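J.: Residue numbers for the sequence shown follow UniProt numbering, so the first one is 1 and each next one is one higher.
No lab work stands behind these hints, which were simulated from the structure alone.
Where hints are given, some of them may not hold.
Label-pair restraints from in silico Cβ distances [said to hold, decoys possible]: (1) Leu251 - Pro133: 31 to 41 Å; (2) Ser21 - His85: 21 to 31 Å; (3) Ile222 - Asn57: 47 to 57 Å; (4) Ala265 - Arg56: 51 to 61 Å; (5) Asn14 - Trp267: 53 to 63 Å; (6) Arg56 - Ser280: 56 to 66 Å.
These figures come from a predicted structure and were not determined experimentally.
We put the CB at the ideal spot given by N, CA and C, even for glycine.
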Amino acid sequence: MIKRSIPHHEIKINNPSFETSAIKIERPNNSTITVISAYRPPRKPLLPQDLHQLFRNQNYVLVAGDLNAKHVSWSPNTQQNVAGHVIRRFCDSTGFPLSAPLEPTHFHKSLNNTVIDMAISKGMTITEVSSIPELSSDHNPVLFEVSLDNFTSPALSTYAFPNWSKFQTILTNTLPGNPKISNTDDIDNAIQNFNSTFKNAFNNSSIFKTINKPISCIPSVIRDKIKIKNRLRKDWQDTKYPPYKTQLNKLQKEIKNELKNFHRAQWDKKLSEASPDDDSLYKIVKHHSLIKIVPSISLLSLAPWAYTIVLRTKLICLPIIWRAPSKKILNHMMTTSLSVLKKK
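Modelling step: build the complete structure from the supplied sequences, incorporating the hints.
T.: Structure (structure tokens):
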């Protein structure tokens, strides 16, 4: 799995020695990163040229997985095999670092436990490797932590702005018509080709921008209720059991009221901390200056139904906000209006 915010696409690698699943991670103004999950069946021979194929003509590559390779350099208490010697010679000749956990990754009932899960990297440094005993299996999952030079993780606030005309042109030129399908392998290949072409066309026709938005930290109590609500909704959709629907409706109302009170408290706090000295008061008015005021109605007659002080203040100050000669004068008007309204 990979985060949606990270631009990437799947690639297909045909390699006689390995069963692979691979992706390329796109980096603006930098070389792509190829991540390959590899598996070598125990009885399949490992050829040196197949290892070279995985790394050829690429600057950043990470190959990790169950390679069924045994060597004393990464698994001291084990009987070495041919694949282990091939990988050891490959890494020594190329200078590519090999990383493996200190703890065993494969457990036997009668034989010694071994390390057969490892990673070979190019253009990057694996800073930490851990064998994690969290599955009821004879294999442990392995965690690799990687460090890249000049790499910054894409922000969660990164948005894509596609040029759909360009997208359509790229897709038309790169994707052939209906593929010839004669067996299930052809279907799988056609699906992989379409997905890869689609993602490439989207990335090449899009402009990615980072839009920073203020983060609203919803309290954990409300977040927990939202999780329960989502589970209830799923249960209701699956079973149509009436009590689930009743609980769901009740919980939705509670969450709605709690969110409303939370956001109102946040707004009141922001308003109480506003000051003309640092332009925060001016920014509040400018940010909320989209409220349309009807000129024919008295502003003072509108003020009583305004449920917050700031709205009443805006009703008074907005008609002259565009004529205010400076922030200083506008802040003074806002402060005066707030003082008057707070006394009422």
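J.: All the hints need checking, so say for each whether the structure fits it.
T.: A quick look at each hint next to the structure:
1. Leu251 - Pro133: 31 to 41 Å: holds (38 Å)
2. Ser21 - His85: 21 to 31 Å: Holds - the Cβ-Cβ distance for Ser21 and His85, about 26 Å, lies within 21 to 31 Å.
3. Ile222 - Asn57: 47 to 57 Å: The hinted range 47 to 57 Å holds for Ile222 and Asn57, with Cβ atoms some 51 Å apart.
4. Ala265 - Arg56: 51 to 61 Å: With Cβ atoms ~59 Å apart, the hint holds.
5. Asn14 - Trp267: 53 to 63 Å: holds (59 Å)
6. Arg56 - Ser280: 56 to 66 Å: Because 57 Å falls inside the window, the suggested range holds.
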